[in-house]
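Visitor: Chains A and B supply the protein sequences, listed in that same order.
Using the UniProt record's numbering, the first residue of the first sequence is number 1, and each one after it goes up by one.
Using the UniProt record's numbering, the first residue of the second sequence is number 1, and each one after it goes up by one.
No lab work stands behind these hints, which were simulated from the structure alone.
What you were told as hints is all true, and nothing was included just to trick you.
Here are a few chain B residues that face chain A, going by a calculated C-beta distance under 8 Å:
#1 30
#2 87
#3 114
#4 183
#5 250
#6 315
The C-beta atom is built at its ideal place from N, Cα and C for all residues, glycine as well.
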Amino acid sequence: MAQQEKDPAKERQTDRSLTMSRAMVEAIAHEMRADDDVFYMGEDVADYGGIFDSTEGLLEEFGHDRIMDVPISETAYIGAAVGAAQAGMRPIAELMFVDFFGVGMDQIYNQMAKNTYMSGGSVSVPMVLTAAVGGTYNDAAQHSQTLYGTFAHLPGMKVVVPSTAYDAKGLMHNAIRDDDPVVYMFHKRLMGIGWLPAPDGPKTPVPEDEYTIPFGSADVKREGSDVTVVTLGLHVHRALEAADELADDGIDVEVVDLRTLVPLDTDTVRDSVAKTGRLVVVDEDYRSFGVTGEIVAQVAEAEDGLADLEAVERVAVPDVPLPYARPMENEVVPDAEDITDAVRAARGDE
Amino acid sequence: MYEAMVTARRYEERLQEEYLEGKQPAFDISAGPIPGELHLAAGHEASGAGVCQHLRDDDTVTAPHRPHHIAVAKGVDLKRMTAEIFGRETGLSKGKGGHMHLFDPDVNFACSGIIAEGCPPAVGAGLAAKKRNTDSVAVAFLGEGAIDQGAFLESLNLAAVQDLPVVFVVEDNDWAISMPKDRVTDVENGARRADGFDMPGTRVDADDAVAVYEAAREAIGRARDRNGPSLLEVQVHRRMGHFMGDPQAYRSDEDKAAAQQRDSIDRLESDLRAHGVDDETIDELRSSAKERVEEAIEWAKEQPEPEPADAHEDVFTNPPSGVTDGEPNVAKTETGGDD
Chain A
1 MAQQEKDPAK ERQTDRSLTM SRAMVEAIAH EMRADDDVFY MGEDVADYGG
51 IFDSTEGLLE EFGHDRIMDV PISETAYIGA AVGAAQAGMR PIAELMFVDF
101 FGVGMDQIYN QMAKNTYMSG GSVSVPMVLT AAVGGTYNDA AQHSQTLYGT
151 FAHLPGMKVV VPSTAYDAKG LMHNAIRDDD PVVYMFHKRL MGIGWLPAPD
201 GPKTPVPEDE YTIPFGSADV KREGSDVTVV TLGLHVHRAL EAADELADDG
251 IDVEVVDLRT LVPLDTDTVR DSVAKTGRLV VVDEDYRSFG VTGEIVAQVA
301 EAEDGLADLE AVERVAVPDV PLPYARPMEN EVVPDAEDIT DAVRAARGDE
Chain B
1 MYEAMVTARR YEERLQEEYL EGKQPAFDIS AGPIPGELHL AAGHEASGAG
51 VCQHLRDDDT VTAPHRPHHI AVAKGVDLKR MTAEIFGRET GLSKGKGGHM
101 HLFDPDVNFA CSGIIAEGCP PAVGAGLAAK KRNTDSVAVA FLGEGAIDQG
151 AFLESLNLAA VQDLPVVFVV EDNDWAISMP KDRVTDVENG ARRADGFDMP
201 GTRVDADDAV AVYEAAREAI GRARDRNGPS LLEVQVHRRM GHFMGDPQAY
251 RSDEDKAAAQ QRDSIDRLES DLRAHGVDDE TIDELRSSAK ERVEEAIEWA
301 KEQPEPEPAD AHEDVFTNPP SGVTDGEPNV AKTETGGDD
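Take these sequences, add in the hints, and give me the full structure.
Guide: Below you can see the structure in the form of C-alpha cells.
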C-alpha cells in the first residue's frame with residue numbers, strides 16, 4: 001500500500017512562501033491550463049472565490065464556464081460531477097462545509113465511491129471532491145466537524161488531508177490527475193484567510209513548478225526518539241507546538257503527518273513506533289470508530305507490532321457534537337496541552 | 001406587527017455592535033464577545049412579522065440560519081436567545097447551539113444552520129397535528145437560495161400528498177451568499193414551485209408587511225382549516241453581507257444601495273401614519289422595543305459562561321451509563337446513569 005517514492009521536489013530551494021489556499025489554487029490553475037476537461041463547480045466558488053479562498057482568483061482566468069457557481073443543491077451538482085467524470089471529464093466539486101455532506105451523501109458514497117467497483121472496473125470516476133473541515137472558531141455542530149473517519153471508512157474514495165502549503169499543492173496535482181474519486185479535505189484554520197487567522201506552520205515555501213506528492217506517503221514533520229505522535233491537518237501544528245514544549249524537558253517527540261488517510265501509510269507509522277515504542281494518535285474527529293482507533297489497530301496488527309508498543313494514548317474529540325460556546329469547544333477540540341499531557345502519559349511520567 | 005419589526009431591527013443593530021467589538025480592526029471571526037458566524041436579517045422583517053402574527057405558541061416554526069427576526073416575531077424568549085448568542089450557560093441551548101441553532105420548545109421554535117433542512121421537520125410537525133387531530137399548523141421559513149434543495153421539494157410533495165397543515169415561506173432577498181438569484185434559477189417567481197405539487201403558491205412583492213400579513217392569513221387559515229399546505233414567497237432585501245465580515249465584493253454598489261432604500265419598516269410606518277397613527281404612538285413603540293432589546297443584551301452579558309465539562313452533557317436524553325463523563329461508548333460499572 002505505502003508508496004515510498006522519494007518526493008522529488010522536496011529538496012528544491014525556493015524563497016517563495018504561500019498560504020495553503022494560494023498553493024491549492026496554484027495547482028488547480030495549472031491543471032486547468034493543462035487540460036480543458038478540468039473544471040470546478042460549487043457554491044460561491046466563482047465571484048466570491050470560495051468562502052475559504054479555495055478558488056480565489058480562478059474566475060478571472062477561466063471564466064464562469066469553468067469556474068461554475070451552482071445552485072445550492074449538493075445532490076445535483078456533486079452527482080453531476082460524478083456523471084461528468086464518468087463521461088471522461090475531470091471535475092472538481094466543492095462541498096462548502098464537510099458538515100453539509102449529508103445533503104448530498106448518496107451521490108458521494110453510493111455513486112462517486114462505488115461506481116468503479118459495481119461496474120466491475122469498467123467505469124472510472126476521476127473527480128475531486130473538496131471540502132472545508134474543522135472547528136476552532138465557535139461555529140457549532142453543523143459547521144465545525146472534520147469527519148475524516150466517515151469518508152475514510154467508506155470504501156472507494158481516496159482521502160487527502162494536507163497540513164502545509166507545500167503538501168497542499170503537491171497533493172492537489174495528484175488528486176486532479178488521479179483516475180479515482182479523491183476527497184480533498186482542507187482545514188479552514190490552515191488556509192490563511194483574512195478573517196480566520198492561521199498559525200505560522202502552514203505557510204511554507206512552495207516551488208512554482210508543478211510537483212506531485214504520492215498518496216500514501218506520510219511525512220515525518222519532526223524526528224524524535226521518545227514518542228511517536230501520529231496526526232493530520234491542523235493538529236500537525238498543534239503536535240509540533242507540543243513537541244517544542246516537551247523538548248525543553250528533554251522529551252524527544254517524532255511527529256508523523258499522515259497526509260492521506262486512503263491510502264494510509266502504515267509503514268511509516270510502524271517504523272516510527274518501532275523506533276520510539278510509544279504511540280500517541282491525535283485527531284480532530286470523533287474518538288470512537290475513527291482515525292485514532294484505526295492507527296492503533298494498524299500498529300498492533302503489524303508483525304511484532306504489539307511487542308513494539310510500550311504505550312498508547314489517543315487524543316480526539318470525545319463523542320459529542322461540537323459545542324458553540326468557547327469554554328466548551330476548547331474542552332472538546334484537542335490543543336497542544338492535551339497532546340503534551342498524552343505524550344507524558346505515554347512515557348509514564350504521570 | 002410594527003413592534004415585532006422594529007424590535008427585530010433594533011435587536012440586530014445591537015448584535016452587530018456587540019459582535020464587532022474585539023473583532024476590529026483586522027476582522028477575526030473568532031474574537032470578541034459573540035463567537036462564531038453571525039447572519040443578520042436586516043431587511044427581512046416583513047416576512048417574520050407578517051406571518052407570525054397569525055401563529056399561536058402551539059404552532060411550529062422552523063427557521064434557517066438567519067433566524068432572529070422570525071424568532072422575535074414568534075415570541076422566542078429574547079433574553080435567553082441573546083444569552084445563547086453570547087454563548088452563555090443560561091442561553092436557550094446552554095451555549096451549545098449558538099445563533100444558527102436556536103431552540104425554544106415553549107413556543108415551538110427551532111432552527112437549522114443548513115438550508116432547507118428545516119422543511120422536513122416542519123412537515124413532521126404538521127403530520128403530528130394531523131394525527132393528533134389538533135388545529136395547530138407548522139411554518140417552514142427558508143431563503144430563495146434554498147428552493148433548489150431536495151429537502152424543500154421533497155417536503156412540498158410530502159405535505160401535499162398528505163394534506164398537511166404546513167406553510168412554506170420563502171424569503172427572497174435575491175442573494176444566496178454571492179450567487180445572484182438569476183444565476184441559480186430560471187424561475188423568477190419562486191411561488192410557482194407550488195404548481196408542481198398542486199398547492200397554492202403566492203408571491204408578495206415590495207417588502208409590504210401588510211400584504212404579507214394578508215397572504216399569510218389566507219395560507220395559515222387554509223392550513224388550520226385542514227385544507228392542506230401552501231407556499232408563500234416574500235420579497236425582502238438583504239441590507240447587509242451574507243454574514244458579518246462578508247466583504248460583498250461580488251455585489252454592485254447599486255444593488256447594495258437599492259437594498260437600503262426599499263425598507264419594509266419605513267413602508268409600514270408610512271402606512272400607519274396614513275391610517276392616522278400619531279408620532280407619539282410610533283415613538284412609544286420604538287422606544288419600548290429599544291428598552292426590551294437593551295434589557296435582553298445587558299442580562300445576557302451578565303450571564304455566566306458554561307463550564308468546559310458541560311460540553312459532555314446532553315448528547316442523549318437518556319444517556320447510557322458512562323457516556324456523560326467524557327468517556328464515550330465505555331460502559332462503566334462503577335457509575336450509574338441518571339436513572
